[in-house]
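Trainee: Chains R and X supply the protein sequences, listed in that same order. Residue 69 in the working numbering is what sits at position 69 of the first sequence, and the numbering runs on without skipping anything. For the working numbering, add 127 to where a residue sits in the second sequence, where the first one is 1.
Just so you know, the hints here were simulated from the structure itself, not pulled from any lab data. In this text the structure is predicted, and so the values were computed from the model without any measurement. Heads up, some of the hints might be wrong.
[Stated by the list, open to error] With a Cα cut of at most 30 Å, we get these calculated DSBU-like pairs of lysine-lysine:
1. R:K61 with R:K6
2. R:K10 with X:K141
3. R:K61 with X:K212
4. R:K18 with R:K6
5. R:K6 with X:K212
6. X:K141 with R:K70
7. R:K6 with X:K141
8. R:K10 with X:K212
9. R:K18 with R:K7
10. R:K70 with R:K10
11. X:K141 with X:K212
What follows is each chain in one-letter form.
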Amino acid sequence: MSEMRKKRPKYLNLFQIKLPLPGVVSFMHRVSGAGLFILLPLILWLFTASLGTPASFLDFKAVAGNLLVKLFLLAALAGYCYHFCAGIRFLFMDMNMGVDLPAARRSSVMVIAGAAILTLAIGVKLW
Amino acid sequence: MVNRIVVGAHYGIKDWLAQRITGVVMAAYSLYFLGALLGLGEVNYDSWHALFASGITRVFTLIFFLSLFYHAWVGVRDIFMDYIKPTGLRLALHALVILALIGYAAWVAQVLWRL
C-alpha cells in the first residue's frame, strides 16, 4: 500500500524543463492575463476620462497621445489580442478539437501569428 | 480509469464554466466594439459619447466589464493558488483583489450611467 503512494506534492524544477511550444503558449496566456489585470486601473482611468466632459476628453487625448503611454497601450493591446487568440484555442480544446500533439503545435503557431497580425492591424489603425 | 465520487460544493466546475462563458462574452463584445468603432468614422467627443450613451452599447459594455472582472477573479485566484504558498498572505491578496474588482465594477457602472 505505502509503496504505491506517490510522493506529493511534486515540485518541478522550471530550469530543467524544456517547455514545448503549446506549453509556452499556455504560460503566456497566464502572463498576458496577469499583465492585463495589473493594467486595469490605467485602462479604467483612460476610459473614464474619455467619457467625461469635453475637457476630460482632451485630457484623455493628450495622455493617450504621449509616446510612453502609447507604447504602454500598444503592449496592453498586444496582451489583449494574445489572450483573445489563446483563449479561443482553449475553447476549441475544451470541445476536444485539436488536442493531439501535431494539431496542438499547429494551433500554437496560429495563436502567435494571429495575435501578431491583430496587434499590428489595430496598432497601425490607432497610431 | 479514475473512479471516484465527486462530492463537495463544486466550486471547481462552476468556476471552470464561468471562466469560459465570460470569455465567450468578452470575445463577442470585442468584435462588436471593433465593428462599432469602425462604423463611427471620425472619433471625437460627440461620436464617442453617443456610442456609449446608446442603450445596446451601454448595457453590452457593462456586461463586458462585469464578465472581465469575474474572469479576472478566477484567473488571478488561480495564479495566487499556484505561486503564493503562505495561507495568510494568499487570503489577504484574495481579499484585496475581490475588493478592487468590486470597486472597478461600481466605477464602470457609474461612468456608463452618468452619460
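Trainee: Each hint should be assessed against the structure and marked as holding or not.
Mentor: A quick look at each hint next to the structure:
no., hint, verdict
1, R:K61 with R:K6, "59 Å, violated"
2, R:K10 with X:K141, "26 Å, holds"
3, R:K61 with X:K212, "43 Å, violated"
4, R:K18 with R:K6, "24 Å, holds"
5, R:K6 with X:K212, "21 Å, holds"
6, X:K141 with R:K70, "38 Å, violated"
7, R:K6 with X:K141, "29 Å, holds"
8, R:K10 with X:K212, "14 Å, holds"
9, R:K18 with R:K7, "23 Å, holds"
10, R:K70 with R:K10, "43 Å, violated"
11, X:K141 with X:K212, "24 Å, holds"
In this structure, the hints that do not hold are numbers 1, 3, 6, 10, in rising order.
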